[in-house]
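4 protein chains.
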Amino acid sequence: MSAPKKVVLAYSGGLDTSIILKWLQTEYGCKVVTFTADLGQGEELEPARRKAEMLGIKPENIFIEDLREEFVRDFVFPMFRANAVYEGLYLLGTSIARPLISKRLVEIAEATGADAVSHGATGKGNDQVRFELSAYALNPDIKVIAPWREWDLSSRTRLLEFAEAHQIPIAKDKRGEAPFSVDANLLHTSSEGKVLEDPAEMAPDYVYQRTDSPLTAPDEPEFIEIGFEKGDAVSINGTPMSPATLLTALNEYGRKHGVGRLDFVENRFVGMKSRGIYETPGGTILLEAHRGIEQITLDSGAGHLKDSLMPRYAELIYNGFWFSPEREMLQAAIDKSQEHVTGTVRVMLFKGSARTVGRWSDHSLYSEAHVTFEDDAGAYDQKDAAGFIQLNALRLKLLAARNRRVK
Amino acid sequence: MSAPKKVVLAYSGGLDTSIILKWLQTEYGCKVVTFTADLGQGEELEPARRKAEMLGIKPENIFIEDLREEFVRDFVFPMFRANAVYEGLYLLGTSIARPLISKRLVEIAEATGADAVSHGATGKGNDQVRFELSAYALNPDIKVIAPWREWDLSSRTRLLEFAEAHQIPIAKDKRGEAPFSVDANLLHTSSEGKVLEDPAEMAPDYVYQRTDSPLTAPDEPEFIEIGFEKGDAVSINGTPMSPATLLTALNEYGRKHGVGRLDFVENRFVGMKSRGIYETPGGTILLEAHRGIEQITLDSGAGHLKDSLMPRYAELIYNGFWFSPEREMLQAAIDKSQEHVTGTVRVMLFKGSARTVGRWSDHSLYSEAHVTFEDDAGAYDQKDAAGFIQLNALRLKLLAARNRRVK
Amino acid sequence: MSAPKKVVLAYSGGLDTSIILKWLQTEYGCKVVTFTADLGQGEELEPARRKAEMLGIKPENIFIEDLREEFVRDFVFPMFRANAVYEGLYLLGTSIARPLISKRLVEIAEATGADAVSHGATGKGNDQVRFELSAYALNPDIKVIAPWREWDLSSRTRLLEFAEAHQIPIAKDKRGEAPFSVDANLLHTSSEGKVLEDPAEMAPDYVYQRTDSPLTAPDEPEFIEIGFEKGDAVSINGTPMSPATLLTALNEYGRKHGVGRLDFVENRFVGMKSRGIYETPGGTILLEAHRGIEQITLDSGAGHLKDSLMPRYAELIYNGFWFSPEREMLQAAIDKSQEHVTGTVRVMLFKGSARTVGRWSDHSLYSEAHVTFEDDAGAYDQKDAAGFIQLNALRLKLLAARNRRVK
Amino acid sequence: MSAPKKVVLAYSGGLDTSIILKWLQTEYGCKVVTFTADLGQGEELEPARRKAEMLGIKPENIFIEDLREEFVRDFVFPMFRANAVYEGLYLLGTSIARPLISKRLVEIAEATGADAVSHGATGKGNDQVRFELSAYALNPDIKVIAPWREWDLSSRTRLLEFAEAHQIPIAKDKRGEAPFSVDANLLHTSSEGKVLEDPAEMAPDYVYQRTDSPLTAPDEPEFIEIGFEKGDAVSINGTPMSPATLLTALNEYGRKHGVGRLDFVENRFVGMKSRGIYETPGGTILLEAHRGIEQITLDSGAGHLKDSLMPRYAELIYNGFWFSPEREMLQAAIDKSQEHVTGTVRVMLFKGSARTVGRWSDHSLYSEAHVTFEDDAGAYDQKDAAGFIQLNALRLKLLAARNRRVK
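Top to bottom, those sequences are chains H, P, S and E.
Residue numbering for the first sequence follows UniProt numbering, starting at 1 and increasing by one per position.
Residue numbering for the second sequence follows UniProt numbering, starting at 1 and increasing by one per position.
Residue numbering for the third sequence follows UniProt numbering, starting at 1 and increasing by one per position.
Residue numbering for the fourth sequence follows UniProt numbering, starting at 1 and increasing by one per position.
Think of the hints as simulated: they come from the structure by calculation, not from any bench.
One or more hints might be untrue.
Said to hold, decoys possible - For lysine-lysine, the following DSS-like pairs were computed, each having C-alpha atoms within a straight-line distance of at most 25 Å:
(1) P:LYS103 / H:LYS397
(2) E:LYS143 / S:LYS407
(3) E:LYS143 / P:LYS230
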């Protein structure tokens, strides 16, 4: 790979990406464009602008964007249509944010004539894969610079020395090492590393930053009603909301009731197991409610097909293949299933749990006439079941007879 | 089908199966053998013996058996190795009990020279299918009598008239109609029908019979440690237990902390949707813990394959195909994966939730050496990730280049 | 089910459906509308009109339609996009024709105010299921009359007596029984029953009606070039053709070279195995060519997903679930994959075989630059493979180390 | 990775692996152990021994083994139980040989105290991945040396210079470059590269080395009968044979009749497409026959599950994951299904084709009594089909009614 001339850097304004910024300049002698996005991580963006300016980036090369609506509408919601969970439990909060960042990195590179993009993910994690696969899928000629895989600043001490040598200001609380590492966006907060590295040890309470403890959550349950249209949440308690507004509101409900904590050991795409503490307050409520509305509006054939496709779909997102033809194929199938997933779900929030307690819809397939224990007025002929069973049993009978014969 | 001469009836001792007993005698003039099993439903069995005797069944034709250990060991535990849930949420508590009952019905039929078996399931539900597919799979020549699909006792009034006409005692509380219908065994209690038929309406609190309300559950969390060997739970807090004993103990923990309630609308195999309230206290804890121990002992390739097979496996059990070659094939694959699923999981129980908070094992695949944020002493070469990403990206790059070319 | 008042009958003009026509009139006293379609079965349609008129059907109740283009365009081609084969070998020639017939039956019923439709399929086969599931999926209120499941004309003798009693003309060659039963349309001809019922016995040569014997086919191979656009065949040897014209032409090539014969034992949806002789001359060439063009235009991620979905897709079509949400979901995924399946395939036809021998496309993903044994000018860095292998191996190494440790 | 001290080399005795042998000695100063296996590639092994001796390898470090029986019994046959084909057409002839070679390399390394193994596969292909994943899965501490990814002998000229400089004899026909590259074993011969690199161009006839041309094959068909037990072929025309003997005999039948040629473009695991010419004469007959015997002995539930698992199973083998838990899980499921796959298949061989024309078995599930067009004496009640269809249709009706209601 020839040296990059101009690099768009995913820049948070924090110490690490500031070091990367300077390192790119010194190591490659290249121009740097910074890109800072609001994906709902709960940090101010303007300090990143000032920091970039201070590091010598010209205003026209500083890109700061609020991507929250796009994030929820085009990434989070499509994923939730699938009820996607990775390895049974993880709601993919980090995974789903990476493709959007890469998409904007590539677009800004094309707009600014940059030939490379760069990110601050380490060489051990999944995020490097997600960033880079997305970038290459969108621009096959782009270069990707992953400083953590290249440089020799492998210890905290070396990093701080580099920062000091290049006059990068170091906040006091960054002098020492954080007891664990955090990633956050509108969907979730993840914590991993250091004090969390022993999966036998219970995570200390201070790790949780996004949710109140179920132990101290309100003693009374709270009920909310979430409205859906074609598989996407569109309202809470009857109030229509935009995607990001709605997820923000659900996050607040979830935070209050301690919903969405997960202590998890997962398999990284790069081959090792890692332990993370995930907090997905609004997303956990949303998944429960989406399942609730599908229960009455989705046909069993569609539902069972979705269930069987989901693990692969979740794995694709986890592994970084959002921009792949197979993810798009699965999305086409999933979206097709959601045409009538419209209605309202009542969810009870209480001390760490979100539970569906009622659901209704004009699009309901639930037929009280068929299922009732009372007289069904001929909606269903129980005698049909005899033939249904006989023909389902036929192959089993032939099999049993054969097995008896040739035992 | 020619008329049966001797029928083995799945007999609970209750009013409905007593009516069936008498109806079989009068309708077909056949001998009746009763089979009453303890699967942990929480009812005395001896009254069923007395009732059967009273209805004229000879002692040698009354079979009463405690099947709890066999139920958990050979049915519940194999199913939990798969983390089986139907339609995302249902732990299959009713489904998994049916094949065992059918197995014993068929075995007793063969032992007593009976040519038919009979059950009290209605023509609208899944249980008829499960009973009958299992019976036919085990004995292709057996006859199955399903009175609810045959007789004209379609109203409560007609049933009571029949009972009175045949001197079947009617308990006072059975005069009126129950507000909902219940099925129970060691794994779960399900409630459905009548007051539960509107899925928009929250289930009344009196429906729950097996779990205390999360709202009134203890204000302090309780921690338990569940030991696993080859995928099956074998101990609680270090005390080894037999399968049924262990599940019974977990049920008690779950009851106390309100764990395992589910308000669910599902797709029946016979084509309609129905709403049920399920309580699976011990099973819910067991599923959480099994996932917890798999997190550190199961390889990702095995785990992801399991996840992708699970929906089909669960569907097979739900639909009544326990005794089918495809369920056995899947079981062989699942069991193969469990050879090292051995270790201990710490679970926190609190107001309706069971959450893994720690797990450890001699068989652990978790490698702190690889995953650590600290210096890994060469366990992992971050530069490998570059090649890994490049080759995973190659097809995406070729695709992007093609799509740009022929757009 | 209340008696039908007006029935649309799938009417071939042959003896069996003429008997059904008359039986519907006499059994139910209902009006009959006849529907005769040209799906390429190779029979004149006008005799069916005359026959219907002779049996008293008014001209406005006689529907005769050429559906060949719709059949190939909207049913055969979408199915071939999936490379669908049932149980490894069967190209679904009969299965795919049934939904279209049902669709027109239901549409004609709605246009003529009929409340029922009727077909001539027996109670043992798959076709009854396919006809009826399609009809119910398109009109939930339609009645379906399946005379073969209802009447008592169960022997050839009884049928002929009924025909004579109702003055239905019987062609001389229909007096005796045919040595096997045939179904045909533009995609295939199937033969089954009678002389074919022993799967150990080789099918006699006179069974094959649609293809010349490979043994007597031309001694020289013939090469044809099939052009594709977005997954569908659009030209032969450079000549653009409509779907039905193209399939007709491929059938002629296949017939001449003995392509597409299959001696097959399959599992019917109704639970039994049956043996059929299938001839799918053009379809066999088309499948081979479609695979050929996908080889260079389809990405591996998309291709492997398609391969894994195909068995379920084929099973749905075989079982009669064309008009189901899950088939439509899968179709959405498959169609999504075909956007660049455009190019040309060269196929060699010779004595029973159709083999791809070349393929080219502007949309090709094949990169000689990458794959060449010669110097690749830096297109591919072989050192990347080391990292790729290391990270793919990591979990296997951790596994091997664990297994050595706790053996 | 520290330098290897003793390396077991997969050694063919040819020029390339002789150069590798010498390069390992000179580059690493390590001891070399040679391993030469007969997997049915059709070459003498003794010349390899002499060549190794001439290059200074001591007799006790030269391992020459006939692995043909183990290859077919433990690798080829288990794979054929699955009817495994990669991307619809490729019978995995190269893929399946690699794990066995790696297994012996690792075992010999452990026996001789070697710390590394080495192979002659290039950095662009799949074989490096297969060799190395297998080696690491069997010994997590083994080193793997892949000279083609390390050295700078990247042109034919450099290689020959190296050979001459180290007095490695060069056969005259190796001076020039081969027009394509060949791999062979008892299952197949593959050819790729050079003259075959344009997938639009028909492969020249001289590429085919293992099969006679269909065009010049015998003008008369030949019929053979293959006997199976539990899914494996055990006899031809009634003569019992060992696995390798049987495959050798099938290869001869296939060669004679031009069976098993494939012109194929495939997706390599490393991300690129490549074109190969494969000849699998005996394997093609075996696959056809195995499908034939499964048609009558395998239940539809088992068969359909197998079909749905096969693509993943084939992909695992292709990608080099033979020794992975997920391949073993799938194998457990597949093997479970083969318990009754016992019987005989009659196959017709003719000018490039192998077609099942008859099959019979004591384990047959085919029931003429059920399927017959004649009177079935009550084996099957056609009226059962009505109930079967009604309940299968119920969800489709509810769906159609809903869709009409809320359109």
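We went through each hint and held it up to the structure:
1. Taking the CA atoms of LYS103 of chain P and LYS397 of chain H, the gap is about 15 Å. The hint holds against a cut of 25 Å.
2. For the given pair, LYS143 of chain E sits about 23 Å from LYS407 of chain S by alpha-carbon distance, which is consistent with the 25 Å threshold.
3. Of the supplied pair hints, the one linking LYS143 of chain E and LYS230 of chain P is violated, its CA atoms being roughly 32 Å apart against a limit of 25 Å.
Violated hint for the displayed structure: number 3, the only one.
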